[in-house]
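There are 2 protein chains.
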Amino acid sequence: MDKNQPIGFIDSGVGGLTVVKEALKQLPNENIIYLGDTARCPYGPRPAEQVIAFTWEMTRFLLNKNIKMLVIACNTATAVALEEIKKTLSIPVIGVILPGSRAAIKATHTNQIGVIGTEGTIKSASYERVLQEKSPKAKILSLACPKFVPIVESNQFQTSVAKKIVAESLRYFEKQPVDTLILGCTHYPILRPLIQNVMGSKVKLIDSGAETVGEVSTLLDYFQMANTTLTTERSMTFYTTGSTKMFDQIAKEWLKENTISSKHIALGEEKS
Amino acid sequence: MDKNQPIGFIDSGVGGLTVVKEALKQLPNENIIYLGDTARCPYGPRPAEQVIAFTWEMTRFLLNKNIKMLVIACNTATAVALEEIKKTLSIPVIGVILPGSRAAIKATHTNQIGVIGTEGTIKSASYERVLQEKSPKAKILSLACPKFVPIVESNQFQTSVAKKIVAESLRYFEKQPVDTLILGCTHYPILRPLIQNVMGSKVKLIDSGAETVGEVSTLLDYFQMANTTLTTERSMTFYTTGSTKMFDQIAKEWLKENTISSKHIALGEEKS
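Those protein sequences? They're chains A and B, same order as listed. Note that full-length UniProt numbering gives residue 153 to position 153 of the first sequence, counting from 1, and the numbers run on in steps of one. Note that full-length UniProt numbering gives residue 248 to position 248 of the second sequence, counting from 1, and the numbers run on in steps of one.
Among the hints, erroneous ones may be present.
Same chains, same names: a pair is fine if it fits in one copy or spans any two.
[Claimed, not checked] Once the Cα atoms are required to be at most 27 angstroms apart in a straight line, the calculated BS3-like pairs of lysine-lysine come out as: (1) 3 x 202; (2) 202 x 164; (3) 86 x 252; (4) 252 x 175; (5) 175 x 263; (6) 163 x 86; (7) 87 x 256; (8) 3 x 87; (9) 139 x 25.
Just so you know, the hints here were simulated from the structure itself, not pulled from any lab data.
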């Protein structure tokens, strides 16, 4: 293993960029490679078997780029594919559900924890299972918000339409208050101001992706894989299966990096 | 490995109880065993070789109690002994300096990070090294606070003497402002209200021990060692090389557990 090898991040689209944003801050010495399967986004409504297959395709692409660690920066993919991929690969593989759950248990005082995510994530009941296992006292309130990902991917997250959809979707929590809400989809931190506004300033929002980067750092240190020898600027490489223009627009704004220029690639059937 | 095996925590005295307090919250299914070397506390002013020898004595004691993971819940011991012990043991070993450093980098906005600790910890420059390595932009301001541990160990942490000592010790930061302060000694969270009061409410205090428990949880999951089968109440066992009466008094108050009854043991020369 060469410590200069990049860390790989995969997501159904641009959501994993919220994880990369944290990596830019918390892991300034690490080279980064990102793949967003924008062309087939959202993953949320797709059957588990298909999400697993797509996640494997992304994984194989990044393995060919010689990554030293894989971050499944997508809750839907983590819910159904993490275990299998972790078991198969020889490099460390980390998902976003355990880190988010851990942070929620640390943050809650009332033990009333909310989880919002895609249909796929909520249907998998992964958060419930992990949270209940780790904190038997916790009461978990889960809600699928299928409209959130399309708002983000279409770059409409600052519109009044977005505001209205977020308010309507989260009405569920009005009568079932929580003190901690897990943003169980890496796209959701982009909607954070809208979500915080609806939930109220006292509700602690957990960014599962940001928490994941902390755990990436933990594992890099534990396995002595952290890059401490970076002498030049870190490298960042972005791939998307969709429109590079839309991807770059969101990535530049979100990461506050002007030089991002993603490359288009094809995965799966498209490829042949 | 049996998942019911306890996690071992060692400290120079009662400081590691701040780590155990977090473990009670974040890891409710885990059995816990604790050893505080109260008779030889503080470790801070001792030479590194002696701290290493004492830490090994504590480690051996807990290995005989069949622990599945070791937490060096003492910054002074982590600074000088973690690397050697981690290399030697076959179970996972975790210290408190990396987790505290990681949390500080995540929290800071100004990149001005303060660290307070014992003489031993500050002299070792472990935090500086780790922080600088992980975040080359950070400016680190370190301060030894040798009077803090004796205040806590003698159960005087709620007195006006404590208040005065804390205010005088932290005067250093008046002219060198930081936005994040690492409590680089597991005894210090017991003085947290006093420290926060002197530093001002805007300074983010990082509890290295609390952060460590998050990383313990990460590694338990990563290595599939987390206890998910606990059917009865978790067990907690406390050992001290000093006065059990004083230990129990502090432990009961700090952990809000009425049933703590520590056992006295001897280590090192005392033992023979």
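Tested hints:
Taking the closest pair of Cα atoms, residue 3 and residue 202 never come within 27 angstroms of each other, the shortest separation being 41 angstroms inside a single copy and 37 angstroms across copies. When the C-alpha separation of residue 202 and residue 164 is checked against a cutoff of 27 angstroms, the pair qualifies only within one copy, where the shortest distance is 21 angstroms, while the shortest distance between copies is 34 angstroms. With identical chains, the CA atoms of residue 86 and residue 252 are never at most 27 angstroms apart, being 31 angstroms at best within one copy and 42 angstroms at best between copies. When the C-alpha separation of residue 252 and residue 175 is checked against a cutoff of 27 angstroms, the pair qualifies neither within a copy, at 38 angstroms, nor between copies, at 37 angstroms.
In the homo-oligomer, the alpha carbons of residue 175 and residue 263 never lie at most 27 angstroms apart, since the shortest distance is 46 angstroms inside one protomer and 49 angstroms across protomers. Taking the closest pair of Cα atoms, residue 163 and residue 86 never come within 27 angstroms of each other, the shortest separation being 37 angstroms inside a single copy and 50 angstroms across copies. Proximity of residue 87 and residue 256 under a CA criterion of 27 angstroms is satisfied in neither setting, with 36 angstroms inside one chain copy and 41 angstroms between copies. Within a single copy, residue 3 and residue 87 get their C-alpha atoms as close as 22 angstroms, and across copies as close as 20 angstroms, so both meet the 27 angstroms cut-off.
Within a single copy, residue 139 and residue 25 get their C-alpha atoms only as close as 33 angstroms, which misses the 27 angstroms cut-off; across copies the closest is 15 angstroms, which meets it.
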